[in-house]
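Fit chains B, C and D to the supplied structure of chain A, relying on the hints for placement.
Protein chains: 4
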Amino acid sequence: MFECKIEIRYYETDMQGIVHHSNYLRYLEIAREKLSRKEFNMGTMDFDELGVFYVIREAETKFIYPIRFGDELSIRISLIEYTGLKLVHTYELYVGETLCATCRTLMVSIDKHSFKPMSMRKKFPELHKITNELLIKHSVEV
Amino acid sequence: MFECKIEIRYYETDMQGIVHHSNYLRYLEIAREKLSRKEFNMGTMDFDELGVFYVIREAETKFIYPIRFGDELSIRISLIEYTGLKLVHTYELYVGETLCATCRTLMVSIDKHSFKPMSMRKKFPELHKITNELLIKHSVEV
Amino acid sequence: MFECKIEIRYYETDMQGIVHHSNYLRYLEIAREKLSRKEFNMGTMDFDELGVFYVIREAETKFIYPIRFGDELSIRISLIEYTGLKLVHTYELYVGETLCATCRTLMVSIDKHSFKPMSMRKKFPELHKITNELLIKHSVEV
Amino acid sequence: MFECKIEIRYYETDMQGIVHHSNYLRYLEIAREKLSRKEFNMGTMDFDELGVFYVIREAETKFIYPIRFGDELSIRISLIEYTGLKLVHTYELYVGETLCATCRTLMVSIDKHSFKPMSMRKKFPELHKITNELLIKHSVEV
Chain A
1 MFECKIEIRY
11 YETDMQGIVH
21 HSNYLRYLEI
31 AREKLSRKEF
41 NMGTMDFDEL
51 GVFYVIREAE
61 TKFIYPIRFG
71 DELSIRISLI
81 EYTGLKLVHT
91 YELYVGETLC
101 ATCRTLMVSI
111 DKHSFKPMSM
121 RKKFPELHKI
131 TNELLIKHSV
141 EV
Chain B
1 MFECKIEIRY
11 YETDMQGIVH
21 HSNYLRYLEI
31 AREKLSRKEF
41 NMGTMDFDEL
51 GVFYVIREAE
61 TKFIYPIRFG
71 DELSIRISLI
81 EYTGLKLVHT
91 YELYVGETLC
101 ATCRTLMVSI
111 DKHSFKPMSM
121 RKKFPELHKI
131 TNELLIKHSV
141 EV
Chain C
1 MFECKIEIRY
11 YETDMQGIVH
21 HSNYLRYLEI
31 AREKLSRKEF
41 NMGTMDFDEL
51 GVFYVIREAE
61 TKFIYPIRFG
71 DELSIRISLI
81 EYTGLKLVHT
91 YELYVGETLC
101 ATCRTLMVSI
111 DKHSFKPMSM
121 RKKFPELHKI
131 TNELLIKHSV
141 EV
Chain D
1 MFECKIEIRY
11 YETDMQGIVH
21 HSNYLRYLEI
31 AREKLSRKEF
41 NMGTMDFDEL
51 GVFYVIREAE
61 TKFIYPIRFG
71 DELSIRISLI
81 EYTGLKLVHT
91 YELYVGETLC
101 ATCRTLMVSI
111 DKHSFKPMSM
121 RKKFPELHKI
131 TNELLIKHSV
141 EV
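Chains as they are written, first to last, in the numbering used here: chain A, 1 to 142; chain B, 1 to 142; chain C, 1 to 142; chain D, 1 to 142.
Chain A with its partners taken away, still in its complex shape (with noise of 0.2 Å):
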């Protein structure tokens, strides 16, 4: 499990005071994004150099508690499954100990020019084998 901040922003509020639902999907990939840079020491852009996007296939969120402008929120993220092709995480949001949301996302590592899949086994052994590793140290934790 890794754990992170994420900045809650003004204009992500709705009318009805709270944090607009849709905003969620983004703070995991947020919460991603800062788990691809600490453990592999890279992000989104280097993987685009390599010609690799990751793409959700799936995302479920259950909406527990409303979270507010002000609220500090941090999520914790676990990879659970990884198969070279198939990634998925699960997440929990938390502001202090309120647990306010839970969700799980699926991803698929593709061809950022031909948009079909990539196996990251094949193209990248290196990468592959750090995230295999990533994927034992948070299955380990459960």
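Read the hints as simulated data drawn from the structure, not as lab findings.
A portion of the hints provided could be inaccurate.
Treat identical chains as interchangeable: a pair holds within one or across any two.
The calculated DSSO-like cross-link candidates involving lysine-lysine, where the alpha carbons are at most 27 Å apart (straight line), are [what the hints assert, rightly or not]:
| hint | residue 1 | residue 2 |
| --- | --- | --- |
| 1 | K5 | K137 |
| 2 | K112 | K129 |
| 3 | K116 | K129 |
| 4 | K122 | K38 |
In this text, all values refer to a predicted model and were calculated from it rather than measured experimentally.
Frame of chain A, contents of chains B, C and D only:
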């Protein structure tokens, strides 16, 4: 099932050249608003005046095919469950004949001021009745 | 002057209960797209195919009256300057009879690949001519 | 002048591969919030509790150089005018040594409930004094 067109906006694309996945939840909200206006002749602002917020409790999306700026997007939305308190909608996002995404949301009606669940059955039996009829209409089609 | 309707979306409101000011620039972009489609029968994607990007160099907005979800917003857009390279548009945002904002943008046509200024006069004399005619049409009205 | 870092988010890019211009106004808002927290030890939510909204009346931006995901963006913000009711800020957006944009906003303090102008000088003389001192501090630097 109710079908409506969604206008894709340029800024919703990202540097992958496609609509960013977080916008899909926003499109669903627009589809619900259009459905509500057609079936209830009421929108979010009207429910707001009655003291009712509908809030998202669960959202699931399967992303099947990318959507691009310039695509003519339409959403087919169905109410498939309704308890007086909970509403479950399913959605299919089409560009022409291509199914681009399928989604499901679970919403709950809450009191605008207390943010506590509020049964429409008890508080607004007329609206409850119309919602029930919509459920039956949409269920028959499946 | 060309007038078009803009659909206000719920998530564009903020916790002040009004449309967040940052969305106005997005509405202007939608108005330009609609103007372009009507006058050129071409949109951003068509210019993209020709290798042309229009980019914003300057934007000014005066916010006069708040806009709310449920308001029927229309934008009156005029092309008031055109040099073959630069385009200046002015905008008035109306809800009914109420003038809610006035805006001005300066755009420049650039080469999609080099990001360098590209004169439409030289590269696309046909499009240049239509733009000039639009300028004259809009100027006469003032 | 106060300088702060702004985190660029992936979804803020568009299909031109750069940050969409509408996000700049959002970055300015974040910079104002950070300035306010540092100088007043108060943020938007604290002013909200006092019944004060700050609303944008004018915004101007000159876009000089595109900003990309992965860029380290910083904003230099200065309060250059203050009347007790109106605040004028100027901003410079930098990526490294590159000046990417300059902006100016005019804000007005209003009563949260009536949406009418509210003089901070009269209502909150303590806050007025601190704002005045900030104005002097920033003015001296120019």
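Hint check results:
1. K5 <-> K137: Cα proximity of K5 and K137: one copy only (21 Å, versus 32 Å across).
2. K112 <-> K129: within (21 Å within a copy, 38 Å between copies)
3. K116 <-> K129: So K116 and K129 pass the 27 Å test inside one copy only (22 Å; across, 42 Å).
4. K122 <-> K38: Answer is within: at 23 Å inside a copy they meet the 27 Å cutoff, but 49 Å across does not.
Comparing the model with each earlier hint shows no violations; every hint is respected.
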